[in-house]
Amino acid sequence: MSTPTAEELLPLLVADLADAASLDLLRDAASRHAVVIVPLLGAPVDRRRHVLEAYAPGCEPERFGAEPAGAPTDEGFPLRLGPHASAGEELDDDDAPTLMRAPSAARGRTTGTAPSLTKRHTRDLDPIDASSRADAPHRGRLLAGGKYRLDQLVGEGGMGAVYRAHHRDLDKHVAVKVLHASIQTDVEFSRRFHGEALAMSRIDHPNVARVLDFGQEPDGLLYLAMEFLDGVDLERVLEQDGRLPLERVVRIGTQVCAALGHVHRHGIIHRDVKPTNIVLVAGLDEEDETPTEIVKVLDFGIALTRGSSGRVAGTPEYMSPEQCRGAELDPRSDVYACGVVLYELATGTLPFRGEAHEVLRRHLTDPPPPPSLLVPDIDPLLEAVIVKALAKDPAERHASMRHLRNDLRELLAPVFVEDGAPPASGPIAADGASIRPAGRHASSAERWFGEDGRGEVQITALASMLERETSFHDGDLLADELARDPTDILATITATIDVAAFAERTKPLQQAVRKLMKQADEATLAPIVAAMRRVLREERAVAAGESRVKWAGRVLRVLRDPPKLAPLVDKALGAPDDPSPALRHVLVETQEAGAEALVVGRYQRHAGANARVRYVALTKEIGAAAVPTLRSALQGALARGERSGGFVEDVLRAFPPVPDEASGVVVAEFLRETTAPTTAAALVALSTLWGDRARPLLLGALGVADDTVRVAAIASLRTLRAIDEQAVRQLAPIVLGTTPASDELRVSAVAALAAASPAAKADAGASLFRAFARATAARSGASASFVVALARALIAVRAPDAPSVIRERAALSPDGLRAQLLALLS
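Each residue of the sequence shown is one higher than the one before, counting from 876 in our numbering.
Errors might be hidden in some of the hints.
Claimed, not checked - 30 angstroms max Cα-Cα, derived DSS-like pairs, lysine-lysine: (1) Lys-1446 with Lys-1390; (2) Lys-994 with Lys-1495; (3) Lys-1393 with Lys-1439; (4) Lys-1382 with Lys-1393; (5) Lys-1267 with Lys-1390; (6) Lys-1495 with Lys-1390; (7) Lys-1446 with Lys-1495; (8) Lys-1439 with Lys-1495; (9) Lys-1149 with Lys-1047; (10) Lys-1393 with Lys-1446; (11) Lys-1439 with Lys-1390; (12) Lys-1047 with Lys-994; (13) Lys-1393 with Lys-1495; (14) Lys-1263 with Lys-1393; (15) Lys-1022 with Lys-1047; (16) Lys-1263 with Lys-1149; (17) Lys-1149 with Lys-994; (18) Lys-1446 with Lys-1382.
If you're looking for bench data, these hints aren't it; they were derived computationally from the structure.
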């Protein structure tokens, strides 16, 4: 098994230059290791080393070493160039100009490229952050008589700039927020700032960023000194990870609620709850001292004392309807903002986007799109909490942060199931059995719920239960009944409209589901899942406290317990036969929990060939909900130093066809110092996770020595429909046989040329004609499958004279090949 070298895996960039002078500019920049802005046909992958292939009219193409040196401009991408060399040879930057010196720009054949990249992609290209900015106006300034020295700018916002500062007396780092000059001239704001800063300085809560000091300098500068948080804000987490799994949403949300509830009790409304004002820092769990995320809520810079009103202030995307109107506020305004944050954490997007005035209008008038519209398999209980928090009328929201926090905590609490015998009423026979009308047998539903569905018939002998002195769960008995015939029982449960009655009937059902999971009885679990899903579809839009959503959701939530899914996973991966449709349905329903249970089962217990194929298929079927688990599994492998092998390859192959930039960043690490099969699997995953961003890596992979990698790159380029002029140039040597290649690889390259874009069809046809002539020449040694593939591709690209050339060559070919070629023409 070959191992591609780092040199072979350099991503390939392409520049289509306007003239030879632009190529001279690139040569000069490369000789000086200088930065130059280059018009590229595709964006760089990230800040890793690339190869730049430059074309200019009348010139042979040239290659340079290239490293991204910043975010794109309208003229192109800033690249620091050097001679084309291996990835192990770093570009010497001793004399490299910085971006502040306005590097020269090469001219492209077309103008006005204005590349548009995602925020994450742009940041991954830009080595400059706020801390190194030369235009930080207060850097080095001393405040409070020299107590604070402003060292580095670490962030900016609508109210001011935040610096990392040194506290002279305590000899440690603190954060100092310096308010903008325009705010300092507002007398009313300055007065209010002092009052609120004093109130915040008296607040001490583990989830609130502590205010240490505040003041105003003689020149009017207002500042606020706070504890320095060595963490990452929630906006960056969303950019990196996308939507978060239920457990993490709840852990973060409950801490935010705890922080805001505490400050509310001190009479302060935050008014600007949003991800950039929520920072996650590393800490230890208080109970078991395991590593965990600790939330810190900060930036109460526009907070108002309770009951005050005034000018509309805040961030439009997170403002409550009453805040949009400039009305009097109470803690329920922050509840609404928390609802927006929870919505974003759970779905990866905001409920309302657009221009500020349009967002404000929609907060006032439009109901937010249900989270399940964006994430169909979102936990229904979480959705109900979010929908309630986002009610337009404050009276319909959670009454306080404590209420919202309790609802969130309940999402992870163990499901409560009452112990004791099934409900019974009416006379009991001498032997303890229930009395039924003579002359007929009760259906399974009647045995559980009575003829009128109200639970008036006993299922077992109460006396017998008492004699055994055992506390039986209703659900254990119900599980046995459901296994015999679930139809009647489930029909009766789902037909129960009264919420209280529905709640009582689903409590034993929760325990029944646990027992059926332990027994790996997917044939009974599948109809239970379908029945509860029907209830959710009927009542999704109704608030949790007024509908059956809460209780149907609890039944489904029992399934979302990875350790308890182990018997089902073992049956799916380890049984001799393939998983049944019912088993697949149950595991897919469990979403994130199913993905976690599957990856643990694959890693710890099932490594056989069949298990590997089933693991990949089942995880792909789970879809987008499996992505965070797959990303975590790969991060764990990197932490263990495990960059290749069957487990890593299976996780890479299991990614569903959904875009996710954060996962792409992790997957791209498996293109470094790894084996060919792992590299191939990573390339295929990147083509769906990154889309066009992966194109330079795929083009670069066409030049590696291993055919497995090149076949994967070709397949991925076809998936992206990216067989353009540059791809054709890279594929031509493979098809023409000027570079060593297996027959499989050459056939794959031919099929790719047949799928060339309209602009590249002429070039593809020319390469195919030359290859066809060589392959059908005397003593060429080309296989019949390769020749037939070439002929088929010539027809597909509608190359001129293709039929006549194929017919002519067929006449000179052996009988078997002649018949195949003529069959193509017919």
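- Task: Taking the numbered hints from earlier one at a time, note which ones the structure violates and give those numbers from smallest to largest.
- Result: 5, 12 and 14
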